[in-house]
Amino acid sequence: MTELVTEGLKVGFRAFDTARDYSNEHIVGRVLEECLKKAGLSRKDVFITTKIGNSQQEKGDIEGEIEKSLENLHTDYVDLWLMHWPYPGYFEKTWEKMEKVYAQGKVRAIGVANYNMRYFRKLFSADIEVVPHCLQLEHHPMRTADDILAFCKEKQISIQAYSPLCRMIPAIRDNIILKQISVSKGKSIPQVILRWHYQHLSVPVFKTLKPHRLGENFNIWDFELTEQEMRQISSLDADYKYHLESVSCPGY
Amino acid sequence: MNWANQPQTLIDDFRLLKNFHSILRHGGKILISIMPFSGLNKKTGLLDTYKYVGTMDWTLLDPVFRDEAIALRENPLRWGKKKALRQIVSHFLGREKPKPLLNGAMDEHNPMTEEEMAEDAQRMMDGWAAEFGINDFDEPLSEVNRQGREIRINVLKELIDFSTERGYEPIVVILPVAKQLANLFSEAFREKYIYSFLRSVEPEVRTLDYLHDETFQDPALYFNSFCLNKRGREMFSTDVCSRIVQ
Chain W
1 MTELVTEGLK VGFRAFDTAR DYSNEHIVGR VLEECLKKAG LSRKDVFITT KIGNSQQEKG
61 DIEGEIEKSL ENLHTDYVDL WLMHWPYPGY FEKTWEKMEK VYAQGKVRAI GVANYNMRYF
121 RKLFSADIEV VPHCLQLEHH PMRTADDILA FCKEKQISIQ AYSPLCRMIP AIRDNIILKQ
181 ISVSKGKSIP QVILRWHYQH LSVPVFKTLK PHRLGENFNI WDFELTEQEM RQISSLDADY
241 KYHLESVSCP GY
Chain V
1 MNWANQPQTL IDDFRLLKNF HSILRHGGKI LISIMPFSGL NKKTGLLDTY KYVGTMDWTL
61 LDPVFRDEAI ALRENPLRWG KKKALRQIVS HFLGREKPKP LLNGAMDEHN PMTEEEMAED
121 AQRMMDGWAA EFGINDFDEP LSEVNRQGRE IRINVLKELI DFSTERGYEP IVVILPVAKQ
181 LANLFSEAFR EKYIYSFLRS VEPEVRTLDY LHDETFQDPA LYFNSFCLNK RGREMFSTDV
241 CSRIVQ
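Protein sequence lines correspond, in order, to chains W and V.
No gaps in the numbering here: position 96 of the first sequence is 96 in the numbering used here, and each next residue is one more.
No gaps in the numbering here: position 16 of the second sequence is 16 in the numbering used here, and each next residue is one more.
Everything labelled a hint here was simulated from the structure, so no lab data went into it.
Predicted model only: the values in this text are computed from it and were never measured.
No false leads were slipped in.
So these bits of chain V aren't anywhere near chain W, every CB distance computed over 10 Å:
1) Phe37
2) Leu47
3) Pro63
4) Asp67
5) Arg73
6) Gln87
7) Pro111
8) Val144
9) Asn145
10) Val155
11) Pro170
12) Leu175
13) Leu208
14) Phe226
Each computed PhoX-like pair below joins lysine-lysine, with the alpha-carbon atoms no more than 25 Å apart:
15) W:Lys59 / V:Lys18
16) W:Lys122 / W:Lys153
17) W:Lys122 / V:Lys157
18) W:Lys187 / W:Lys210
19) V:Lys29 / W:Lys122
20) V:Lys157 / V:Lys43
21) V:Lys18 / W:Lys122
22) W:Lys97 / W:Lys155
23) V:Lys18 / W:Lys93
24) W:Lys241 / V:Lys18
25) W:Lys97 / W:Lys68
26) W:Lys93 / W:Lys68
27) V:Lys18 / V:Lys29
28) V:Lys29 / W:Lys241
29) V:Lys179 / V:Lys230
Now the in silico label distances, taken between C-beta atoms and shown as ranges:
30) V:Ala188 / W:His243: 46 to 52 Å
31) V:Cys241 / W:Lys100: 49 to 55 Å
32) V:His109 / W:Asp174: 38 to 44 Å
33) W:Phe218 / V:Leu46: 51 to 57 Å
Just so you know, even glycine gets a beta-carbon here, dropped at the ideal spot from N, CA and C.
Construct the complete structure from the given sequences, taking the supplied hints into account.
Structure below.
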């Protein structure tokens, strides 16, 4: 992880995404501290996102959980704190408690992950005080989630996309439309998709274990997709999800 | 719902649905298979819970048996130390008897004669009578079964609400049985154990009733009086698939 983070910082990456349920918050905290120091950067130069998981929602001590996350991450605030899942039976109450933590300034922004319209409707009918600042969801050309994105645009909720490349499954890797655009732009398919995200204001959150991929994924600023190309890429939508929500969140 | 595994209760059907429904797209169909005794009291135990350890999310496992079932999965020798030790010894002595890989479920024909099918049908009825504590199928439901039915009416209702709320279409499928068994299900029996149960569940949903379908009562499609063989399953699945998209 140290090698990847060092390389990422060198390339220009400044955002880091983790979650309590990834069981690596403490490692991220330690490595980030070490790498920032080595790179001559400070905490304020990076954007840290973490998430509160279902088992913590069930326990109910939401304020206590942020303290644990801050300790794990060696910081006194996180930039974005997400509710990892709309855990049935708990998520409305969790949001209410997250709002209180937000008011204390321990988190700069609060948001939700993996919400669909059904859960947004439920959350908004619960008389919330703070509109989520961000939604993180599985979003890529095979899952454009138009209804959710339109809703978020209306409510000014920013979008983060996880699995933004749809894990480069064969349906993406071998897709003729993506191949044609890739050839015409002289860019790789991942670069084309990441540019597609950028142009419709979705922030891709990707992971790689290969340092050289970091540079490739970052190099998307010297070309632009036309409106037609954007539409062509969006036409791949099949409401396909690489990650099944109900497997991670039973009763979803 | 699950037709590929051994029979399971409506409660476990619902648990599996909660765990895996996201594989469906909006508008997906959820088939709820119903048998005559789906609405009765069925005690579940350690074995039922054990079946789902590793498949179902642990939070959905029956809390009464969860811890023990997980412990058994982690250490299967606890099921029966003597039997396990005997098998280990047999293995090393070269006396192990391999279990046949195939059973009748894979057959494309029915290995039973007409007479054997009739006997099997009666055996099924006797087995269910014992399993559900029924002395006489014409008698009113016992208190235990009446209470069990109330619970299952609510489970089915919740299952239907859960499905529709998420944009799926729940469809009840009353499964077919071979004619020898169907003949033992009188109209009064069907009314008491199936139709009145389904009528108690609101809201009403689309129902595919194969119990009266003579095409699927053909003994050639079964490997016993109750279970379709491979040919029967293929025919049945094709028929269900063509009907649910209508």
